[in-house]
Amino acid sequence: MRNLVISLFSVILVLPVLVRSYDPPLNDDVLGLIVFKVDLRDPNSKLISWNEDDDSPCNWFGVRCNPRNNRVSELVLDGLSLSGKIGRGLLRLQFLRRLSLSKNNFTGSINPILASMENLRVMDLSENNLTGSIPDDFFRKCGYLRAVSFARNKLSGQIPKSLSSCSTLAAVNFSSNQISGRLPSEIWSLNGLRSLDLSDNLLEGDIPKGIKGLYNLRAINLRKNQFTGQVPDDIGGCSLLKVIDFSENALSGSLPDSMEKLSMCNFLNLQGNELGGEVPAWIGEMRSLQTLDLSSNSFTGSIPDSMGHLQSLKVLNLSENKFNGVLPESLANCTNLLDLDFSRNSLTGVLPTWIFGLGLQSVLLSENSLSGKIETPSPSMETSYHKLQVLDLSDNGFSGEIPSDIGIFSGLEFLSMSKNSLLGAVPVSVGELKVVSILDFSDNQLNGSIPSEIGGAVSLKELRLEKNFLAGRIPTQIEKCSSLTVLILSQNKLVGPIPATIANLTNLQTVDLSLNSLTGSLPKQLANLPHLLSFNVSHNHLQGELPAGGFFNTISPSSVSDNPSLCGSVVNRSCPAVLPKPIVLNPNSSSDSSETGSLSPNLRHKKIILSISALIAIGAAAVIALGVVAVTVLNLHVRSTSRSAAALALSGGDDFSRSPTTDANSGKLVMFSGDPDFSAGAHALLNKDCELGRGGFGAVYKTVLRDGRPVAIKKLTVSSLVKSQEDFEREVKKLGKIRHHNLVELEGYYWTPSLQLLIYEFVSGGSLYKQLHEGPGGNILSWHERFNIILGTAKSLAHLHQQNIIHYNLKSSNVLIDSNGEPKVGDFGLARLLPMLDRYVLSSKIQSALGYMAPEFACRTVKITEKCDVYGFGVLVLEVVTGKRPVEYMEDDVVVLCDMVRGALEEGKVEECVDARLQGNFPAEEAIPVMKLGLICTSQVPSNRPDMGEVVNILELIRCPSEGQEELE
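With the numbering used here, you'll find the sequence shown wraps up at 1161, consecutive numbering, no jumps.
It should be emphasised that the hints constitute simulated quantities derived from the structure, not laboratory data.
Check the hints yourself; a few may be wrong.
[Stated by the list, open to error] Across the chosen pairs, the derived CB separations fall in these ranges:
1) R260 <-> E452: 44 to 54 Å
2) S561 <-> A442: 21 to 31 Å
3) P756 <-> K565: 42 to 52 Å
4) E1117 <-> K926: 34 to 44 Å
5) S480 <-> S974: 45 to 55 Å
The structure displayed is predicted, hence computed values, not measured ones.
Ideal Cβ positions, reconstructed from N, Cα and C, are used throughout, including at glycine.
Using the sequences and the accompanying hints, generate a full structural model.
As structure tokens, then:
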């Protein structure tokens, strides 16, 4: 029935074209493509050239015609962001040979009508959002089909047995779907098949015998499935095979002897299975091999000498097996070898000299039992020095010194010799490694000092020298390594002060200088490091006050422990009063003679010295106390005046007219988008049942306009602080012009001198606070919903900041959720209505936004900027991810959310902070960077916080990128 309706609709659509004149009837190809286009959405207008008035579609975008009959032979619409269904119009393209709709957003199941297009040679529907199973009889009438690709969709079900009917097929690609079941043995009857890719699915069971029937097969990829059993013992019958990828399955047994016949194979990947036994000597007969990956299996025995016959080999990976014995000298014959990975085995012997003579780019030999000295190559091999990019000799038994001329490997990007028994000094030639980003000599027996030449390694990102016997000072030249993010020098014998130049390394994230003999004070400039996440100087001899601000406001006490002379609140030790300009108060200067007279003669002449921090605390407490009293008085005043105004509204609504008068007995109502009668909902202003909530700026009620539309009314409770009517209306109208998908829309206002109302759109889903902290147990926000709320909120703040609007009052109760789960931020910009922001902030706001407020709110000399919103947003991010309130009061403790997450990050347990109600249903690769972003946004120093535009960009980058796309062979 549905197909009949579609057909009728198509006929109705083209009927005006068919009867427009007595011209010849519409070309079948034009008609078919126009009907096909009807079912599509074309957001980029790529198909705008498709015009039904044209006599031929041969000049249309994406269309190619056969010049002999002027009929459409190819339709190629790849990567155009098209969406919708693949419709019936294609049936009219009787001469179509190639149909390629890859890299779009087509949905629904695979349309069975495509099976009726018997002249198709190539069908490519890859990289869309197609669902369902491949119809069982889809390939019954495949005609001349040579290549088909449904790769990278969301298809399920099993591989249809009808596939074996397509005797002309040369390429099949069903990779990256959710296809399950067993591999039908009938597929081996496709003796014309050259390429078969079923990778990244849920296929299971044995790989059936009979593969030798595919004697034309060049490439087979069954990677990342759930196949068991053995590699087919008749695979050697596919003598033309060049590519074999059976990796990441559960195959067992040994390599079948028939593989020896695959003399043309250049790529063999069996990584990540359960294969075992010894690698047979005949492996050397596969002389075309360029890539051989047998890693992550259970192979035993020694590496066969015959591998030296593989002179075309470029990549050899035998890591994570149980190989023993020495590295065979015969591998020196593999002169094309680039990447060598024998890590995580049980290899013994010395490091052979040929390792550095082959011109290798990567050498990974970690976690073996190699021993002896590490010797650099002879001068005759000098031409190959610069090619080496990765050298990992860690976790072996090497002894002796690090080669003094290690700097000759000028192309090294990664160098690790950690966890050996190396002696001597760090060679000064490390400064010649200009492109090395990771340098790891940790866990050895190195002595001497860290050479000042280390500053020459200007690309360093990670420097690890911990667990050695290094002495001397930390060289100041390290500041030249401007890209450094990780600096670990712990468990050595370093002395002297921490150089202030370290504070110039603005990319630093992790610093560990613990368990040394460092002295002096911590440089105050360290507080300016914007990305610092961990800083450990415990077990040293440091002294003085800890840096103030930035990361150090929330540093863990364990990170500075066992420094007896350090002082500050973190170590619970007060610093000596050595302020250069103490504040001095003389009691005799008081005008209260009776109070002065009560002092003893000794006290009367003494000076009382108070620290600046104490005075600030006393002053702030006094201001807050005064503010609370002021707000209480204001609320009482507003309550009395609003009762009279509301009573006027209830008397018939005359006072809610749109009169411009503003005397005490009349009001002015302005609606930005129309003029509905407002009196129908006036009763809500005194009806407690209609109250939605209360905040620092006032109470909010739900009411209904005469036309039946619900709105939210905010009754401001700061009337005496509000500006004049002219200023009030000017600011409100500015706010009323702000429109954004993630902002609550201001629809109008009502003014009298004693009562001000703001009229907002009504958002039905309630606040984010309620959904996080008061929602029913079974209705938990998913990670996807939480990420969208964070991103939407960030976009709304970025938009406000573009309009030079500061929110001032961001918190989860001011983020509303609409019926579609989208966040809408409310209460923005209300502080613009107040002439004295500081006074208001220091009184009511401290109570209403506890935990969200940037530290600069408490300092009257610091300018309030958009960075205050960024701080509040950072707290909100952590609240959404963890499901915890910004400040939680326990029985014996107060837990500040930012401190808790930062401490967990230092301990490597930040993933445990994610809301337990998600029960592991979240991507750690998104959740952890989002929490780190939240911590950066809550930096104590405003200049260290990113702009909201940058935050939006970072969040969009955090989303897991889709995997790379494969082309149809």
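So, going through the hints one by one against the coordinates:
1. R260 <-> E452: 44 to 54 Å: Check passed, 49 Å falls within 44 to 54 Å.
2. S561 <-> A442: 21 to 31 Å: 29 Å, holds
3. P756 <-> K565: 42 to 52 Å: 43 Å, holds
4. E1117 <-> K926: 34 to 44 Å: Since the Cβ atoms of E1117 and K926 sit about 41 Å apart, the hinted range of 34 to 44 Å holds.
5. S480 <-> S974: 45 to 55 Å: 50 Å, holds
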